[in-house]
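Undergrad: The chain contents come next:
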Amino acid sequence: MIEFTFWDILRNLLLAARWTVLLSLAAFVGGALVGLVVLFFRIAKNKWSRRIASGYIALFQGTPLLMQLFLMFFGLPMLGLRIEPWTAAALGLTFFASAYLAEIWRSGVAALPQGQWDAGASLGLHYLQELRLIILPQAFSITRAPTVGFLVQLIKSTALTSIIGFEELVRASNAINNATFEPFKVYGLVALIFFVMCFPLTQYARTLEQRAAAH
Amino acid sequence: MGYSLDFGWLAGAVGAIARGAATTILLIVVTTFVGTLLSVLGAAGRRNGPLLLKRAIGVYVEVMRNTPFLVQLFFIFFGLPSLGIRLDPILAAMLAMTLNMAAYTIEIVGAGLDAVPRGQTEAALALGLRPRQVFVKIVLPQALKVIYPALTSQVVIMMLESAVVSQIAVRELTYEADMLQARTFRAFETYFVVTMVYLALSMGLRRLLVSGGRQVLGAGVS
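As given, the protein sequences belong to chains A and B, one line each in that order. According to the UniProt record's numbering, the stretch in the first sequence is residues 1 to 215, in order. According to the UniProt record's numbering, the stretch in the second sequence is residues 1 to 222, in order.
Because the hints were derived from the structure by calculation, they are not lab data. Treat each hint with caution, since some may be false.
To be verified - Over 10 Å on every C-beta distance to chain A, these chain B residues come out as not near it, computed from the model: (1) PHE7; (2) THR23; (3) ARG65; (4) ARG183; (5) GLY213.
To be verified - Computed footprint of chain A on chain B; a stretch qualifies when at least three of its residues, placed anywhere within it, have a C-beta under 8 Å from a C-beta of chain A: (6) 68 to 76; (7) 79 to 85; (8) 107 to 121.
As the list claims (entries may be wrong) - Residues from chain A that keep clear of chain B, each with C-beta distances beyond 10 Å, as calculated: (9) GLY75; (10) LEU81; (11) ARG132; (12) GLU182.
Backbone N, C-alpha and C define an ideal beta-carbon position, used for all residues, glycine too.
Bound conformation, chain B alone (with noise of 0.2 Å):
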């Protein structure tokens, strides 16, 4: 018997596949953000908080790094309305995302700020800085501009994490690709698609990551 490829269906798939990698994209930006912002303050509340904080965080970041993100997205979407908060699917695949990426990224933060030598807060510091402007304008600007790489690297890495919010009915992506199959029975041929998709996505967002950062951070960063 033979099978013969068949991309026929692609022609009025187009919409739902750009529709579902919007919100693919819509997703890893507001993680991104959200990520980022949390892992700052997470890895700073690691070394400058008080214990038990420490420990917290410590702890938070371990427990992520040791469970697949699937089961924290299960334990998110199933798992915490017993406790009576209900969240929308793209609410708690966001909530999810967010958190998987700063336990990651607070390590990545976390590994910066130890990487600004000393001098430069005591240097801030004598000349009149409050503690928290030496943080926000010396060390900080530094530190990510040392971590910039890996924090891309982590940043394409929940992207392509984020094929299994599908399981939790978020439209995205992958979920669109479930739909489109179901439709047209081409299975093979709709999955090969969205990775293309896919790689073309992880491609473009690296670039863009790269050139941004140049332009943020200024040069030397790759």
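Chain A on its own, in the form it takes in the complex (with noise of 0.2 Å):
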């Protein structure tokens, strides 16, 4: 039997985080992506674009995620394509991140006053300007320390897309576990790593918070 050290334990952990950190930023870039995507139809002049975007964000909204990424991977063989933990887990999560922050940011467009669309409106601007240079910016910009809030809730998901099969931290964890026996250090270790990861964030959301509401 093979013995591993504190530091062997630490060291596989470490790089199966590697894995955490990556899916973490490919979900939150592809969900800002699609999310902004179907920000334009939530915040459509039509009526229905407007309803079918709030039934997407309700959807993944009210469902578990673990039961999205279930679908996700024995959905997409039906499509043709071929199962792979990896994809599962990134379309998975990034659909998932997509309806998230398309309602944040839709929260951030209601709270700019009427004003400022019929002020780009007199300047001749058209509606896609309207979005591109007065708009978007401004609900951007109120919107920060929720969509870093969500970051945090997104790295944290990706614990789940260990269930689905994908070699990340929590995988790693179930199978240095089942080879020493230390479930105490093991989790406690990974814990310890995915606080490492949010902490920092959660702070920086939280100073946003506070600089927003001292405005």
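From the two separate chains plus the hints, produce the assembled complex.
TA: Here is the structure:
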């Protein structure tokens, strides 16, 4: 039997944590892009477009992420794509993030006074220019705190991808735990690694929130 | 190659799905009551307790909020036995869910307590109420009314998060789905149906909490 020292455990966990970081980044970037599209539908003038976007958001916010990941994992092969935990994990988290980010940004758009739109229109800007130059920059700026807060939630959510077989931090820790039988130490370390990733972001979100409240 | 959906297995699976949903509901009911009680004590302790208690509650909240629920669950279920604390899966799930939810609701309840004007406490004290009466009868009801919407959202989020406890073999909705798909080989259909059950549960739970809140806390609760 191979003996695992404390440093072996920590080194292996940190190696696996790279995948947690990579997946979080991929899902955040992908979620922001898709979320932007959902946002366009959500704030469009067309009633049906708004309804579809609301339904999309309600669907992702009203069902467990684990189920969304399972549906990705078992649904993608039906579309002829190969099952790979990475694809299912990245896509599943991307759609999950897009719904939350679209809703966060929508609240930012809704918080802007109607005068901002009117001013844009009176300057002769058309709809897309208004959004790009006036509305969205302000909406992003006032929702920076909840956006960072959601990033923390997203990093924690990557833990669920271990269940569909993606080799990130939690899956690696399960394997190490099965070899060492030291769950207290292994899961304690995993919690610590997640804490080190999330806590600075939580603090940053808090600072942003206080700065926004001071204005 | 074509893949055709098949829901023929559903008729024989209704019982299992209903049993799983009942366990999920049991989990969230226990978590909601114990978690809210804990968070009222925690929020009060964080404001009025001794310094050490304030610090401890602060650390607890940060640790729980910055680590994944799945890891907390594994730590409690697999890690605690090495300290001699061995829990049933369902007890471990309830403990993990309660502790996780309390960390979020301590902050919410705390914000509610801060929102009640100081004059309310002073007026009640001037009327001769004891400090505990002031808290229970004057401050807390007003605070709960303010934070009720945030509290209901947290309950729904926790219900959705409870899908994870299937990983320590608690026989709730997701666990039953895992069993069904292993038997029927209809993974996508099974998880689709169960996802819809979750959607119905979360929408129903939200409705119930809103109308229940109106009855208990009075009008103005959304």
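Undergrad: Indicate, hint by hint, whether the structure satisfies it.
TA: We went through each hint and held it up to the structure:
| no. | hint | in the structure |
| --- | --- | --- |
| 1 | PHE7 | holds, 15 Å |
| 2 | THR23 | holds, 14 Å |
| 3 | ARG65 | violated, 7 Å |
| 4 | ARG183 | holds, 15 Å |
| 5 | GLY213 | holds, 19 Å |
| 6 | 68 to 76 | holds (count 7) |
| 7 | 79 to 85 | holds (count 5) |
| 8 | 107 to 121 | violated (count 0) |
| 9 | GLY75 | violated, 5 Å |
| 10 | LEU81 | holds, 12 Å |
| 11 | ARG132 | holds, 32 Å |
| 12 | GLU182 | violated, 8 Å |
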